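S.K.: Chain by chain, the residues:
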Amino acid sequence: MTRIWRWIPLLLWLVPLAALSDTDPARSGEVEAPHIRAELFSDAQRVAPGDTLTLALRLQPDDGWHTYWMNPGDSGLETRIDWTLPEGAEAGPIQWPVPKKLPVEHLVNYGFEGETLLLSDITLPMDIAPGDTLTLSAHARWLVCEIECIPGDAELSLSLPVDDLTELSAHTALFQRGRASQPQAVDWPATFSIESTWLEVTVAPDRTLNPPLQFFPGHTELVEHAEAQDVTLNDDGQLVIRQPLNVYFHTTPQQFEAVLRDAEGAWALTLTDGAEMPPEPPAEAPPGTSTTVLLALLLAFGGGVLLNLMPCVFPVLSLKALGLARHGGHRPHALAYTAGVLVCFLAIAALLLVLRAGGAALGWGFQLQTPLVVGGLAYLMFALGLALIGIVQLGAGWMGAGEHLTRDTGLRGSFFTGVLAVVVASPCTAPFMGTALGFAVTQPAPVALGIFAALGLGLAFPFLLIGFVPALARRLPRPGPWMGIFRQAMAFPLFLTSVWLLWVLGRQVGIDGLSLALAGLVALALGLWLWGLSQLSQQQGRPRLRTAAALIMVAALWPLWQASQLKASASMMTDTDAGGVWTPDRLAALREAGEPVLVNMTADWCITCLANERVALDTDTVRAALTAGGVTYLKGDWTRQDPAITEYLAHYGRNGVPLYVLYPRGGGQPEILPQVLTPGLVRDALARAAAP
Amino acid sequence: MKSLHHVLIGGLLALALGSAHAAPRVGQPAPDFSVVDTAGQTHSLSDFAGQTVILEWTNHDCPFVKKHYVSDNMQTLQRRYTEEGAVWLTVISSAPGKQGHVSAEQADALTRDRHAAPTAVLLDESGDMGRAYDARTTPHMYVIDAEGVLRFMGGIDSNPSADPADIPGATPYLANAARAVLAGDTPDPAVTRPYGCTVKY
Chain A
1 MTRIWRWIPL LLWLVPLAAL SDTDPARSGE VEAPHIRAEL FSDAQRVAPG DTLTLALRLQ
61 PDDGWHTYWM NPGDSGLETR IDWTLPEGAE AGPIQWPVPK KLPVEHLVNY GFEGETLLLS
121 DITLPMDIAP GDTLTLSAHA RWLVCEIECI PGDAELSLSL PVDDLTELSA HTALFQRGRA
181 SQPQAVDWPA TFSIESTWLE VTVAPDRTLN PPLQFFPGHT ELVEHAEAQD VTLNDDGQLV
241 IRQPLNVYFH TTPQQFEAVL RDAEGAWALT LTDGAEMPPE PPAEAPPGTS TTVLLALLLA
301 FGGGVLLNLM PCVFPVLSLK ALGLARHGGH RPHALAYTAG VLVCFLAIAA LLLVLRAGGA
361 ALGWGFQLQT PLVVGGLAYL MFALGLALIG IVQLGAGWMG AGEHLTRDTG LRGSFFTGVL
421 AVVVASPCTA PFMGTALGFA VTQPAPVALG IFAALGLGLA FPFLLIGFVP ALARRLPRPG
481 PWMGIFRQAM AFPLFLTSVW LLWVLGRQVG IDGLSLALAG LVALALGLWL WGLSQLSQQQ
541 GRPRLRTAAA LIMVAALWPL WQASQLKASA SMMTDTDAGG VWTPDRLAAL REAGEPVLVN
601 MTADWCITCL ANERVALDTD TVRAALTAGG VTYLKGDWTR QDPAITEYLA HYGRNGVPLY
661 VLYPRGGGQP EILPQVLTPG LVRDALARAA AP
Chain B
1 MKSLHHVLIG GLLALALGSA HAAPRVGQPA PDFSVVDTAG QTHSLSDFAG QTVILEWTNH
61 DCPFVKKHYV SDNMQTLQRR YTEEGAVWLT VISSAPGKQG HVSAEQADAL TRDRHAAPTA
121 VLLDESGDMG RAYDARTTPH MYVIDAEGVL RFMGGIDSNP SADPADIPGA TPYLANAARA
181 VLAGDTPDPA VTRPYGCTVK Y
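So the protein sequences, as listed, match chains A and B.
Numbering-wise, the numbering used here puts 311 at position 311 of the first sequence, and it's gapless, one number per residue.
Numbering-wise, the numbering used here puts 3 at position 3 of the second sequence, and it's gapless, one number per residue.
These are computed hints drawn from the structure, not numbers from a lab.
Computed from a predicted structure; not experimentally measured.
Glycine included, every Cβ here is placed at the ideal spot set by N, Cα and C.
One or more of the hints may lead you astray.
[What the hints assert, rightly or not] Looking from chain B toward chain A, a few residues come up when the C-beta cut is under 7 Å (computed): (1) 69; (2) 110; (3) 111; (4) 112; (5) 137; (6) 164; (7) 165; (8) 184; (9) 189; (10) 193.
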């Protein structure tokens, strides 16, 4: 009798518990199958539209029995869940716990003993309303084995009421246990290769792992699961794991999931085929690698069209277009012009590819890193401006003013206008086309050439349009005396471009170099003026004048050459603003210390970079945010060639500046800021990064 | 230097693999055996020279084996290929006292009750034949050509499950391989993942 009395409190305690489980919408009720019990749990008991909730399939095999991992090993079968969900809801994959090695005779299986929690995320649609009830059903199928195996299945179903707000269920502890049993997802560089008789896996962990190490490949027919794993460190400090290939191995997967376990923890990795990937993929995923070729081609084309509006291109092209509009037979001109543009673009692309193959670390805009080229462009802009003003009549066609156009020279003229368009467009291309071109030069040669060609087609597109759509050509303003005035007015954007280029040159070569270049510019103007005089003068004086003019113009190049040999003094190169100078070592040291860092990669010839600095980075708001957050500001200057910066840009999938990278406090994924900045945007990003 | 390192490692791994269990290789002569059938007659591979031989490892209590017998899939395969001239040997490697172990009478009763049609059922109580072939699961299938060369080994089909409903949707690896070998062709694939219960040695 006393025994029964002792049981009564326990029974009383059990009654409400049983009642609770009956009414708890967050559990399905347990299904008993031979040697195993199965039940479905939800981490939410009321759900809201658009929620992502987690469901757990709990399997409780009898003592000594087990179920299997995604790779069951040499025999066995992985547990599967087929979901029946309301329309619009989506189930994620099973989040597997860390498996256990289960030896059977001379074979090895991977599976789970005891309570096993298989978690899956379910995303609900937005179009469900409070008051609805959602039914989430799982058809779970497993193979439960001791020595013998028994397949089993269960239909497990939950009905959850929809509300405005999510309400967590009472099973938090169960979900915590489930998550604690899972490996931690990491993005350590990890590759594999299939050698003659073994699988070789190379992993670069970001921490020291403590033996014993166990490697679990998530792919079934890859290794002989029972064979010993040979774990070594290679010269680069990477972990190399070798295991004999499975006798039944036949097809190399592109990638597979795996779990690496050491004495303290377990990590989930994705292994990619080392033969198909670059040997060392960047540690941080570059944003942009997913840019598809087609998208890059479209971007390049669109960018090319936009280039027509750039201050360095528009003056030349608008006149050419007007010139063309006078004549019939636009098509050959349009085609000749397009050919000129394409040839020039492809030549630059080919040069870039050749240099890349040669190992030179270059990026788009590289041509602007050479003072001689910057100075040359400044001269060209200035000369074109003078020609537009009318100091000199540039001969038939090449500026395309149009008056002297004949069919023949006109075509050649159109071709060279195309070439010229690309040359003068080049200061504008670099900053605006950074992403597409960065993508281009990291691609195989045909893709890279395709992107440059698309850019060229875009640049030539308005001309092609005028050439091939007569209606459009007719809509252009009629040529007349106003064209002369328009032409002269167009000289001024070119002069401004020239000033900007000279400023860049000044940053590169210093004040002495700049003065030399300006003296050269005066000589150039003198030469052009004399040439113009010769065009007006009588026959007899002409040749002598022309010779003098030509000599002076050639001589004008000498100071530029001298200037390009100079280097700006240190004081000119160092910025006066708060930023420190970026070096790889400096960044690494700060990262090591867990300090938040803002990296700004810039160049003086990059208009976007300069605009961002003026408008956002060099403002009181941002300076205050930098100080408040303790964020170190590092600036890398790519105005001149710097292989370290080129490499850093490539790391982030870029091939040009600007690039703004913000590293948060205490490590973690860096954030790449947009290419166009506002003070508020930078301030908010800094606050996020500085948060402990 | 690095390649030498690779060769050494490869050699060591191959050695380790070899010592653990001499797995048969497709394209190599199949291991010989000498095992009694349910009628007490001893069979060896050399007895079947000039004939295509199909080996089937079985354990009547294994759900994966049941899948292929309940559905009549295994019996159909046995009938089809023995009619086409192949020898079909069903092998039981379960040790005495382990799941799937049967006496000769029980084995014959199983054949009768299930309307199975193998050429013979071999009782490999010692597991010698199973280990020689590195038979891992039930079912586990092998096809040996008329010259005694192993041509196929692995799973019966592409659908590792215990559900008979999955059979029609699966790629019938064994059937394809048997047809190829009978026609004098090379099976493709020649090696597939064996699935099922472990052999109870």
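S.K.: Confirm or reject each hint.
M.R.: Here is how each hint holds up against the structure:
1. 69: violated, 15 Å
2. 110: At 17 Å from the nearest chain A Cβ, residue 110 (chain B) fails the 7 Å test, so the hint is violated.
3. 111: violated, 22 Å
4. 112: Violated, about 24 Å.
5. 137: holds, 5 Å
6. 164: violated, 11 Å
7. 165: With a minimum Cβ separation of about 11 Å from chain A (threshold 7 Å), the hint on residue 165 (chain B) is violated.
8. 184: Since chain A brings no Cβ nearer than about 22 Å to residue 184 (chain B), farther than 7 Å, the hint is violated.
9. 189: Holds - the Cβ of residue 189 (chain B) comes within 7 Å of chain A, reaching about 6 Å at its closest.
10. 193: holds, 5 Å
Figure legend: structure checked against the earlier numbered hints; hints not met, in rising order: 1, 2, 3, 4, 6, 7, 8.
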